[in-house]
Every structure is written in C-alpha cells, then in structure tokens.
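Work out the full structure, taking the sequences as your base and the hints as a guide.
There are 2 protein chains.
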Amino acid sequence: MLGLMQDQPLLISSLIEFAGRHHADAEIVSRRVEGDIHRYRYGDALARSKQVARALDRLNLAFGDRVATLAWNGYRHFELYFGVSGSGRVLHTINPRLAADQVAWIANHAEDRVLCFDMTFLPIIKGIWRHCKTVTHWIALCEAAALPTDTGIEGLCSYEQWIAPESNVYDWPVFDERSAAALCYTSGTTGNPKGALYSHRSTMLHAYGAALPDALCLSARDCVLPVVPMFHVNAWGLPYACAMTGAKLVFPGGALDGKSVYDLIEGEGVTMAAGVPTVWLGLLNHMAQEKVRFSTLNRTVIGGSACPPAMIRTFKDDYGVTVLHAWGMTEMSPLGTVCNLKLKQVALATEEQMSVLVKQGRAVFGVEMKIVDPQGQELPWDGKASGDLLVKGPWIIKAYFKGEGGDPLVGGWFPTGDVATIDADGFMQITDRSKDVIKSGGEWISSIDVENIAVAHPAVAMAACIGVAHPKWDERPLLVVTKKPGLDVSRQELLAFYAGKVAKWQVPDDVVFVDSIPLGATGKMQKMKLREQFKDHKWPSA
Amino acid sequence: MLGLMQDQPLLISSLIEFAGRHHADAEIVSRRVEGDIHRYRYGDALARSKQVARALDRLNLAFGDRVATLAWNGYRHFELYFGVSGSGRVLHTINPRLAADQVAWIANHAEDRVLCFDMTFLPIIKGIWRHCKTVTHWIALCEAAALPTDTGIEGLCSYEQWIAPESNVYDWPVFDERSAAALCYTSGTTGNPKGALYSHRSTMLHAYGAALPDALCLSARDCVLPVVPMFHVNAWGLPYACAMTGAKLVFPGGALDGKSVYDLIEGEGVTMAAGVPTVWLGLLNHMAQEKVRFSTLNRTVIGGSACPPAMIRTFKDDYGVTVLHAWGMTEMSPLGTVCNLKLKQVALATEEQMSVLVKQGRAVFGVEMKIVDPQGQELPWDGKASGDLLVKGPWIIKAYFKGEGGDPLVGGWFPTGDVATIDADGFMQITDRSKDVIKSGGEWISSIDVENIAVAHPAVAMAACIGVAHPKWDERPLLVVTKKPGLDVSRQELLAFYAGKVAKWQVPDDVVFVDSIPLGATGKMQKMKLREQFKDHKWPSA
Chain A
13 MLGLMQDQPL LISSLIEFAG RHHADAEIVS RRVEGDIHRY RYGDALARSK
63 QVARALDRLN LAFGDRVATL AWNGYRHFEL YFGVSGSGRV LHTINPRLAA
113 DQVAWIANHA EDRVLCFDMT FLPIIKGIWR HCKTVTHWIA LCEAAALPTD
163 TGIEGLCSYE QWIAPESNVY DWPVFDERSA AALCYTSGTT GNPKGALYSH
213 RSTMLHAYGA ALPDALCLSA RDCVLPVVPM FHVNAWGLPY ACAMTGAKLV
263 FPGGALDGKS VYDLIEGEGV TMAAGVPTVW LGLLNHMAQE KVRFSTLNRT
313 VIGGSACPPA MIRTFKDDYG VTVLHAWGMT EMSPLGTVCN LKLKQVALAT
363 EEQMSVLVKQ GRAVFGVEMK IVDPQGQELP WDGKASGDLL VKGPWIIKAY
413 FKGEGGDPLV GGWFPTGDVA TIDADGFMQI TDRSKDVIKS GGEWISSIDV
463 ENIAVAHPAV AMAACIGVAH PKWDERPLLV VTKKPGLDVS RQELLAFYAG
513 KVAKWQVPDD VVFVDSIPLG ATGKMQKMKL REQFKDHKWP SA
Chain B
13 MLGLMQDQPL LISSLIEFAG RHHADAEIVS RRVEGDIHRY RYGDALARSK
63 QVARALDRLN LAFGDRVATL AWNGYRHFEL YFGVSGSGRV LHTINPRLAA
113 DQVAWIANHA EDRVLCFDMT FLPIIKGIWR HCKTVTHWIA LCEAAALPTD
163 TGIEGLCSYE QWIAPESNVY DWPVFDERSA AALCYTSGTT GNPKGALYSH
213 RSTMLHAYGA ALPDALCLSA RDCVLPVVPM FHVNAWGLPY ACAMTGAKLV
263 FPGGALDGKS VYDLIEGEGV TMAAGVPTVW LGLLNHMAQE KVRFSTLNRT
313 VIGGSACPPA MIRTFKDDYG VTVLHAWGMT EMSPLGTVCN LKLKQVALAT
363 EEQMSVLVKQ GRAVFGVEMK IVDPQGQELP WDGKASGDLL VKGPWIIKAY
413 FKGEGGDPLV GGWFPTGDVA TIDADGFMQI TDRSKDVIKS GGEWISSIDV
463 ENIAVAHPAV AMAACIGVAH PKWDERPLLV VTKKPGLDVS RQELLAFYAG
513 KVAKWQVPDD VVFVDSIPLG ATGKMQKMKL REQFKDHKWP SA
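Sequence lines, in order, name chains A and B.
When we follow the numbering used here, the leftmost residue of the first sequence carries the number 13, and every step to the right adds one.
When we follow the numbering used here, the leftmost residue of the second sequence carries the number 13, and every step to the right adds one.
Simulated from the structure, these hints should not be mistaken for laboratory data.
In this text, all values refer to a predicted model and were calculated from it rather than measured experimentally.
It is possible that part of the hints are untrue.
Listed next, the stretches of chain A that the computed footprint assigns to chain B, with coverage defined by at least 3 CB atoms under 8 Å from CB atoms of chain B [as the list claims (entries may be wrong)]:
| no. | stretch |
| --- | --- |
| 1 | 106-113 |
| 2 | 227-234 |
| 3 | 396-410 |
Listed next, with one range per pair, are the computed distances between beta-carbon atoms [claimed, not checked]:
| no. | chain 1 | residue 1 | chain 2 | residue 2 | range |
| --- | --- | --- | --- | --- | --- |
| 4 | A | 471 | B | 179 | 33 to 39 Å |
| 5 | A | 397 | B | 267 | 40 to 46 Å |
| 6 | B | 158 | A | 429 | 50 to 56 Å |
| 7 | A | 394 | B | 365 | 43 to 49 Å |
Stretches of chain B that chain A covers, calculated by requiring three or more beta carbons in the stretch to come under 8 Å of a beta carbon on chain A [unchecked claim]:
| no. | stretch |
| --- | --- |
| 8 | 166-174 |
| 9 | 181-193 |
| 10 | 249-260 |
| 11 | 505-511 |
Glycine residues also receive a C-beta, built at the ideal position from the N, C-alpha and C atoms.
Okay, here's the thing in structure tokens:
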C-alpha cells in the first residue's frame, strides 16, 4: 500500500526558486577576477538563472547535455549551477588547476557541448579549443566589452551578451529526480580521471544533510564564505545548501591569499568559511603578522586533507573559532563526516574535547560506514581497530561515468581507499590513505600521525611522510619537510621532537629537507611523486 | 540520462538503525503511566524495535496492515513507531481524548489488526473491543504482571510478554519509499475524521526538514521533551527527527501539568520542549507560583494554536527562553512554518523582533505556500493582503485515506482552511481559520487578533471570539472569557482594554463570562460549540 502524499520530485531548480522567493533580498557578494566586488541578491540570481536556462534552450541543448565550467567561485558560476541543472542539462565543473591537456581530455570524455570560463583561463582555452571536439559554444564569463576580438576561438561569446536577449520568465521543467544534474571528475592520481555523475535526488538529499546542525549547521542567519572552489566537488555542496537556507553567500573569486580572504571575512561579516588546510595556513599567517582578529567568524569547516591538530588549537585558542573537521570524497558528493560534539562531550575539559575534534567526525545522516580487515570482515567501533573504510548511501556513487573502471562497489559498499578507526560514539578518524600506509615489519605506521607531529614543530611548514624500501623492515618512514621562512631545525632536532609522542618504531628513520612539496590540483600533497623521487633513498647506517 | 548514484530508498528503519549504531548510549527517558521514571538508550530502543518487528511477523501481519496505538509519549510507543513502520506495517496513532465511540469508529475505518494501549486507557478498550471488528490482537503496554486477568478482552496480551520470545536479530525489509508508513486522523470538526496516510519518503524528508537550523534545529547536543503527544501528528515528527540526530529524548507520559513538566525539564536537562499553548500556560503558572527558573531550556516550539504574544514575551523576558512559533496541520506531517529570525533581523531591537516572532514564520524547505483571494488569484507578499493559504510539497497529502472527502487539492495545492498574510521576507501570519473569521458589514475581523488582546489582560485566563448574527452588520464579534482564579474584570473594563489597540469597529460588541471554554481532543478551543451555544445571543442595545 502506497502512502497518499504529494508526488513531487526533488529537483535542484526548487532551491533557487525557494531562495529567490523567500530570501529575495539576501546578498550574494563576489570578488570578481577583475578585482572589484560585485553585489546582488538571491532574487537577481533567480532571474539570471532563468535567463541561462532560456539561453541553453536557444542553443537547442538536449536534456542531459553537458555544460562545462572552468571558473572560480562567483555569481555567474552560481547562476550556471541552477540554470544548467535546473533546465535538465548536466553541469560539468572542470578543475582549472589541471594541466591543459587534461582539461581537454576531460571535456572530450564528458562530451561537453558548451564550456563557460573565467577570463583568467583564456590562455588555457586558446590552447585547447581546437582539440575539444564536442564543444560548439565557448562562453567567457564577462561583459561583451571585456572580450578581445582577436582570440580566433570559433563560437566564442561573452556570458552577458549570451544571456542578455533572454527574459527571466521561465517555468522550470519537472522530470525524474534520478536524472543526472552534475558531473565532477576525480583528480585521478592513477590513470585517467573518472567522472562522478550526481543526480538531482542525490544533490537535494546531500543539501538537506549538509545543512543539519550536526553537519555544517546552515541557516538564514549565516554568512558563508566557500573558499573551497566550486570546481572542487561543487564547493562541498555549499551553493545548493546555502540556497536551501537563504544564507548570505560570499565568493572569493581567485584571490585565496591570506589577506584577501581575511578582508572578505571582515568586510562582509562572514560567520562560516570552508576550505582546505593550506588556505587556512595562509590566513592564519597573515593574521599573526598583522595582529588582527575576527569579529564575526564563528566556525570554519576544514576538509580535503586532515587538519593538523595545531591548526584546530590556533583557531580555537587564539581566535575563538570552532574548527569543524570534515571528511568526504568526490565520489560522495562529497560530505561523509563532520566533527561536532555530542551532548555528553559539551562539558568536557578542553583537552578531552581536542581528542575528539582532531577526528574526522560522525557520519552525516544518510551516510552509512564500516571498517573492514583485509579479509573484508567488519572491525569493531572501539577507536583502536583500524581498517579499510567503506561507505554507502543515496549521495554516494554506484559507478563512474561511462562505466570507467568497472564496478567500484564491494557488496554494495564503496571502498574509500582510506584507512580509519571508528570509536564507540561513531567518531571516525582517518589514519591514512591505504596507499600511503607504511608497512614496517608487519606493522602499519600511519603517515598522517607522523606528519601531524612534524607540523607541530614551530620551524616546520609542511611535512610528508612516505614509506621507502628498507632491507630489513620492508618499508620504513622517511620524513620530507619544508621549513618556514627564516626558521631552522636540524634532522636530529626534528627526530628528537618525536620522543614520547609515538612508539620508537614509528619514528621516521630519516629526514630530508626540500624547498617545496608537490601539490595536486586540489591542493593535496602528491606523495606518489615523492615516493618516486626518494625510492632509492640511502638510509643512515645508525 | 540518469545519475549514477546509489539507489537507496528513504526508509524509517534507517532512523532507528542510525541512532542505535551512532548514538547507542544516548538516553531515552520516560515518565511511565505508573508514575516512575524509566531510562534506557537508543541501543536498547533499536533492539526492542526489532523484537516488535519480529512479533508482528509472528502474528502474520501483512505488508501495509495497520497497527494502532492509544498511548501517551513513552519508550514503548517509541519502539512501536519503528518496529511497526520499519517492518512495512502502518502505524495508526489514535487520539485517546476522542470519545470512545469515535475511537471505535476510527479503528474500524482504518481496519486496524492490532491495537496497543496504555493501561490508563483500559476502560476505553473494555467499552469498545467488541465493536472493533478487524482487531484481533490487543496489546497492553505493560508488564505481564500488571495486566488484570479478568478483563474479558479476547486476544489480550501484555506488550512485554508479546515481545519477550523474540530475538533482536532482524534485517529490516527494503521496499518502495512511497509505501505507507503511518496514519493519523484529523480531529474532524465537521463530519467524520479523515485519515492522512504518510509514506516513508514523506516522513524522512519531513525529518530532514524539521531538524534544519531554520526549523527546530535538532542536534546530538539537544535534550528534547515532546510534550505534544505522539498521537497528535506523530508529536510533530520529533520521534523521527530526534532519532535522525541522536538527541536525548524525554517522554512525559500522561503527566502534562505544570509541575510535572517543570520537574522533567530540570531533572533531565531539557534544552528544547515542544507543545501547544495550553500546556505552557500551566508550566508558566507553576513557575510563577513557585518562583523557579530554567537552568538548561533554551527554546520551546509552540504550535497547534497561535501562541499569544504575551506568552512569547514571558518566556523571553522572564526566563530567557526563545519561543519558536510554528504552524502546521495533520495533512502536512505536520510542519509548515517555523518562526526563526533572518540575518538582517538579528541585530534589531527587541520590540522589532517581537513583531516578527508573533508570526507563524517561514516555510520549512520542502513546503511551498501562497495566499489567494476568493477568486483564486494569488495575493502579494506584503504582510498586509490576507487570503486563503494554500500549500504544496512532498510531505503534504494529495488525498485522504480511502479517498474520503474526494479530491482535496485545488490545482495541485492543498487548501489549509487558514487565512493568512505573508510578508516580503516570507514570514506567514495566520489571521484566522477561514471558518472563524467574523464578517462584519463586508469587512473581516480576525477572531485571533481580538482574542490575543483579551488574554493580555491580567485577569483573563482564556478567551474565544466568535461571530454572532447581527441585524445590521450580518455578524458582530462576541467575546467569551474565562477568568483566572481569584482575579476579576468587568465587561466594561475588558471592552475599555481594547481602546487604541484595534479600530473601533473591531472591538467586540459584548462579553460573556463562562466557567470553561470547551476544548477539542487536540486542545484547541471548539468555537463551533460556542457558536451553537450563543447563536441567539441578545446584543446590548447600546
């Protein structure tokens, strides 16, 4: 027997329609690539999203056709989120930090029909447009006047010119909520990138989950700064979740340096900011140098990589800002866990709370998780047993776009590639990426644990711990370190710094100092490159 | 093109499974009808819900069969919520405040197979069991020892005896999320009660919506007291939303007097309580008498009837508790709106905030609303135009159970029977029930406005304003009042109290003092009865 409730599909268009109607005057502020600040409101965003939808109709784009973006966080990108998906096409956000040939490869693989790009990326487009076989329309996210006439790119048009002829009267189409809405490719550390194809249903359920008090706690009283890029798993879903709640939105464009981010936070009254640890490092350095403080920020969501405990402490102790440690993946839309305390932990002493807050946190409702041993047997939630982390849920992929890589699921569960513990309260902690774990004489050493200790040393800027072949122990940990400008530390000092912090056999066997550690397109340390570089490292004889 | 996300139906079983796994040790505290306090945890609730599911299997109940309850808020009722719906049967919560013959009528109409009741309702069951043709099993929510042997009721068993033989190992079935999950009958002020048949999908989406920061803001740091009964639109969905978030739950049983409620709030550290205005009146009276205060409560959700502004002020000014004014209906699962401030209102002066907080609030994401004139034309959102309120969304009914009453929708929208204004910020304010509006010489007078002024008078306990036939004006307002014990006010004094508060033509033409105002099964004033009682009221000649 079926219930007798209204049949209404969960569609992304309902988000911007709701925001435009219920929060018409709530602001959306963008730092443009031109450097100036642009302001408008949800009511304007709704009207212009509808112009985008009509402009796509005019191009005769079919239902499900892909429209790509190569763009920073800004209002035009925001309009594309809703105009493209809302009208039944698929928004394909491409990471502009990828090599140009990878961008072209992805655009071809996705069979993008339209590609919209910020003017900062015009050089990339000039280099690749002839190789993008399926793209017939190139849209530069600018005014007509800002577009050079001599680019030579066929089918090029400015965004403002493109949408200008369209009225903002438009009835969003109604269709199956399982329809594809957006496409993101993984960064693809091995092999070609693979696409995660989100549906309207998955995006809407993820938005509900992300806005919950135990996740990002988003409301109409918030002012949200997504520093995490809109080309990186849809800025962790914030454009959708903010429209759902009517939160004021502040987009940083391409200026992610400490001063620019700080100025936006203070100038716009940001209450919540979200990004990867490297961005916050720049912000905290700027603030320490300038001796400035926050007046409105009350929380930051940190994900993408594990947040060093030292950073959580600095935010809390020095600036009164709560760090919400979060974990997710492109394949998970991306939110999996957020670290929010439980009732029984609210009254704990600061140190005890810290031991919780360094973990990646509890599952957002909608995500199931488990850890298993190498034989696939489930391991206990005791905070000690560590195993491969598997997840399941309506906003987690069941396959990659075009079936690339075959069936990724194991008995209905998606293997994350992370190794983790889960404690009795459901707090999950990543101990390592499974490929980064160091296997020393039958025991596992977490590269993350070793790195967290290193970056707590005042002279260390960044640290990567990798396993390198060892004649006796199979692998032993090698620490690769960059120093902070003007500060120094020796190999001996750094190794001594581990005393009493971990078991002796977990202390790295050696330290090498480098000028820089290679970062991938999403800001993560590329340990694979380091493993290649140091594969013949000669261990000290002692 | 469909997305490639995991196909996972939204099922109620996932709520208790999540709570039992992620919040195994979070408490559920119940004041039992026996008077004592019972404590256990979500882990226990999960195990016993599975025993209920197995016990229903043992009775050979089919998918979709109805299991009724006649019970206060308590842990056994909570287990039935998940054991019944989770196993694919339909939970039918009956309001025990209805007349016994109405209970029997509803049980027969719903074709209930099992009926579970609190021992306080044994007298009702004794009177009706022979008339309930479809019920084959009567389950008394108590220990075997507490059950009298001489009731004469065939098929009677105690709950504990019923579930005791069952193991708590059970795999929840997986089925279409649109399947029926729960059934609630409206109080039926005209004609027979009609059933709203909720689905798993509608219940899950409602739980996500209800837990949002702009709705009830539920988290694992909350301790929630649903004073609103679980037989009244599923306690506004709190059992589901609390399981979703792992909030500590406190159930008051049948003791809803001021002292009992206050003692629970203080004893258990309640942070949020939800109920109808009449319950809070008792609580506030008790607190004023005993000169006591709250130590943990930070918000109350008030719905069911409009909350008098004076009560909102008392909670805020005297006790520092925020009142979340809410509005909904049985046909809406029930949440429609909750009154939470927006960012731009946070810094407003108290009086300006009050002018917002007296409204019923903003739509929870998932609910669309509009107001229309008598011709069905949409009216503007200007806070002034008032018209019939219509709603739409995935947790709103499209028809009543068994098609009773025909098609209730008007062009896809459900007419609420309320008259309301909506302001530019989307804050909705009920001005009246459409049937309670007083039509005086072509102008409408809101009975609620008139009542709110009356109850602000220190000597008035309760006030109902009704339209009574008038030779010149068609209808004129008559105020029916009960006085607070030991306090007095005259007709003239009360009418003078309106001076300067409303236009002269909106002041009631007369006042009658009564000992009590009749209340319906859900605690609402039964104005229909008053209209009948005073239909021949003789207006004063002046």
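8 Å C-beta criterion, at least three residues: is the stretch 249-260 of chain B covered by chain A = With 5 residues in contact (Cβ-Cβ under 8 Å with chain A), the coverage given for the stretch 249-260 of chain B holds.
Given coverage of the stretch 396-410 of chain A by chain B, tested with a Cβ cutoff of 8 Å and a minimum of 3 residues
holds (count 7)
**Message:** Between the stretch 181-193 of chain B and chain A, are there enough contacts, at least three residues with CB-CB distance under 8 Å, for the coverage claim to hold?
**Reply:** Our answer is that it holds, as 5 residues pass the Cβ test (under 8 Å) against chain A, meeting three.
Checklist entry - Is 50 to 56 Å a correct range for the gap between the Cβ atoms of residue 158/B and residue 429/A? => result Given range 50 to 56 Å: holds, Cβ gap about 55 Å.
Take the stretch 227-234 of chain A, compare each residue's beta carbon with every beta carbon of chain B, and decide whether three or more fall closer than 8 Å.
-> holds (count 6)
Counting residues of the stretch 505-511 of chain B with a beta carbon closer than 8 Å to any beta carbon of chain A, are there 3 or more? violated (count 0)
#### Entry: Within 8 Å of chain B (C-beta), three or more residues of the stretch 106-113 of chain A
violated (count 0)
Exercise for review: Can you let me know if the beta-carbon spacing of residue 394/A and residue 365/B is within 43 to 49 Å?
Suggested key: Hint holds: Cβ distance 48 Å, inside 43 to 49 Å.
Is the gap between the beta carbons of residue 471/A and residue 179/B within 33 to 39 Å? Violated - the Cβ-Cβ distance for residue 471/A and residue 179/B, about 60 Å, lies outside 33 to 39 Å.
Has the hinted range 40 to 46 Å been met by the Cβ atoms of residue 397/A and residue 267/B? 45 Å, holds
Original post:
With a Cβ-Cβ cutoff of 8 Å, does the stretch 166-174 of chain B contain at least three residues near chain A?
Top reply: violated (count 0)
In summary, the structure is inconsistent with hints 1, 4, 8, 11 from the numbered list given earlier, while agreeing with the others.
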